[in-house]
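Residue numbers (my numbering), protein chains in the order written: chain P, 1 to 170; chain L, 1 to 439.
Keep in mind the hints are simulated off the structure, nothing from the lab. Keep in mind the model is a prediction, meaning the values are calculated, not measured. One should not assume that every hint holds.
Covered stretches of chain L (chain P as the covering partner; in silico rule of three or more C-beta atoms under 8 Å from a C-beta of chain P) [as the list claims (entries may be wrong)]:
no., segment
1, 158-172
2, 248-254
Here's a subset of chain P near chain L, in silico, CB distances under 7 Å, partners left out [said to hold, decoys possible]:
no., residue
3, Ile-75
4, Thr-84
5, Glu-111
6, Trp-158
Where a beta carbon is used, it is the ideal one built from N, C-alpha and C, also for glycine.
This is what each chain is made of:
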Amino acid sequence: MKNPTRILLAVALAASLAACKKEAVKPQVENTDAPPSAPVTQPVDNSGKYTRESLNTDPCLRQRVVYFDFDRAEIKAEAEAILTCHGKFLADVADSAMTLEGHADERGTQEYNLGLGERRGNAVSQALQAKGGSAAQITVVSFGEERPTCNDSSEDCWGKNRRVEIVYTK
Amino acid sequence: MSKLIQRTWWLALLLALCVAPVAQAQLVIPILEGNAAATPIAVVPMAYQGAGLPLDTDISAVINADLNRSGQFNALSRNRIIEFPTRDTEVKFETWNFLKQDYLLVGRVLDAEGGTLRVEFELFDVAKKQRLLAQAVGARTSSLRATAHQIADIVYEKITGVRGAFSTRIAYVTQRGTPPKFNYSVMVADSDGYNPVSVISWTTPFLSPAWSPDGRKLAYVSFERGNSAIYIHELTTGKRDMIASYRGINGAPAFSPDGSKLAMTLSQTGNPEIFVMDLATRRTTQLTRHYAIDTEPVWTQDGQSIIFTSDRAGKPQLYQIPAAGGEPTRITFQGEYNARATLANDGKLIAMAQGNKNVYRIAVLDRSRGGAGELTELSPGNLDESPSFAPNGSMILYAAREDKRDVLYAVSADGRVRQRLVLADGDVRSPAWSPFRQR
Chain P
1 MKNPTRILLA VALAASLAAC KKEAVKPQVE NTDAPPSAPV TQPVDNSGKY
51 TRESLNTDPC LRQRVVYFDF DRAEIKAEAE AILTCHGKFL ADVADSAMTL
101 EGHADERGTQ EYNLGLGERR GNAVSQALQA KGGSAAQITV VSFGEERPTC
151 NDSSEDCWGK NRRVEIVYTK
Chain L
1 MSKLIQRTWW LALLLALCVA PVAQAQLVIP ILEGNAAATP IAVVPMAYQG
51 AGLPLDTDIS AVINADLNRS GQFNALSRNR IIEFPTRDTE VKFETWNFLK
101 QDYLLVGRVL DAEGGTLRVE FELFDVAKKQ RLLAQAVGAR TSSLRATAHQ
151 IADIVYEKIT GVRGAFSTRI AYVTQRGTPP KFNYSVMVAD SDGYNPVSVI
201 SWTTPFLSPA WSPDGRKLAY VSFERGNSAI YIHELTTGKR DMIASYRGIN
251 GAPAFSPDGS KLAMTLSQTG NPEIFVMDLA TRRTTQLTRH YAIDTEPVWT
301 QDGQSIIFTS DRAGKPQLYQ IPAAGGEPTR ITFQGEYNAR ATLANDGKLI
351 AMAQGNKNVY RIAVLDRSRG GAGELTELSP GNLDESPSFA PNGSMILYAA
401 REDKRDVLYA VSADGRVRQR LVLADGDVRS PAWSPFRQR
């Protein structure tokens, strides 16, 4: 075996082992019982604008999950407050960005639910844009029914799984 | 574009290195329901008459289970077999007539050259006292289950006139672990669930494995890059290509019957539409244009049409569209929710996941007598989905939810015989039955 090949293999092996250990770094998502009623709060900054710090301190911004009805993607009235503060955050902190992870409950087929999760993600994206965010700040990813937070076959559990999670990436 | 179609075999290598050598438990299969209308057949244990050690595979037991699982045979249980003929001269037809058997299969295992084996078997029509078949197949001690499936196929075809599908394979996805730490694998096993082999494992979900018509490749959806992407994976070499990773959903791959194209769901235009990719050029053509969710394409056997799921009428229903493009026609009208079609008998039989209120079951639409067709419910569960026909249309594999676990069932096409395929731990879903093995 030639030396460069051997080095290349060693590097590849090391890289792959590192990849094995790597875990997704994700902000903690508060999975409160569905549906949450977000407290409406005002930004505390003097200018009236959110700062990056607000993500950890503001009770409204700390809410990161929007819930949906079965086979629906319409934004419910109770989600207005959350969407308003996150929309404002996107506008206030212009270099921020988020991924909207769309999910469905286990009922129905996997691929249709992939579509449903995306439809929900898109609905949240549009609402956030209407409230100040820009399309360039938002990426929608659908996981369909593949990533439930709750594993029972019950109405309560399904309600928790039909959701869009807001995950800040920048 | 070149980025999208770049080869990713090196990633396969990387993933392969991460795959822990898990002991893959067999799928164990208890029979749930018998079928009184099935044809009675006695499969006599096939004695090993060679000089080596006793064989660790009971060939006749495998054949027995295969024939039972098809729903078309009722194999005589072992404890009711009182005579053990191994060749025609030893057969007393009166005995099998008395036991009310229509058919009798006997055989013997002999040593062959180079340490291999030779299984000789004979099939009889009991009432006519007639030998229907006398054949021999070569075998190896390490693959006697495959030999048994091969014999079951020959017997099945001789009696029913329909090609047997026991020598086929199944692909499925397993999920192990607890939220949020899961390990997902794409698996391939024999059609009876034995000999499971992990094709690929990772910490992000896989779904919708689909077989190439030659049975050499699987297309599937993986989230390993964060978003869904479609890969084509060569089973013997482990080489894989990422072939679709557009913005939005990349899902529901389905090979055309000639293997030259892949139908898929892409939402790069803003919502899920059916696309067809020419695999030689990697060029995609958009087939549907509607703001609804269009997904789960399957090809008709002639390659001329695609049947897919769409909620353009409000709820998911099945539609048919010419593969070259055109207007979709709705084909399901009974039931609130009809999705994920699987076809048999030249598209005359369409099985699907059907939802009514909170109950999801497998239903089959028989269009062989024309008109809108007749719909029959095939499964008794509450969350049954992902039906996949055996290539001869005799059975359907599907995923069900039981006691907080996802399990697989095989049901005969008439719904009368069902068997559960249980994995020792974890969830099993997205089953896909392979095409026939190439002759």
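Hints and how they fare:
Coverage of the segment 158-172 of chain L by chain P is violated in this model, with 0 residues showing a Cβ closer than 8 Å to a Cβ of that chain against a need of three. Using a Cβ-Cβ cut-off of 8 Å, 4 residues of the segment 248-254 of chain L lie near chain P, which meets the minimum of three, so the contact claim holds. The beta carbon of P/Ile-75 comes no nearer than 17 Å to any beta carbon in chain L, farther than 7 Å, and the hint placing it at the interface is violated. With a least beta-carbon distance of about 25 Å to chain L, the hint placing P/Thr-84 at the interface is violated under the 7 Å criterion.
Interface restraint check for P/Glu-111: the shortest CB-CB distance to chain L comes to about 4 Å, inside 7 Å, so the restraint holds. Look at P/Trp-158: its Cβ only gets to about 9 Å from chain L, farther than 7 Å, so that hint breaks.
The earlier numbered hints that this structure contradicts are 1, 3, 4 and 6.
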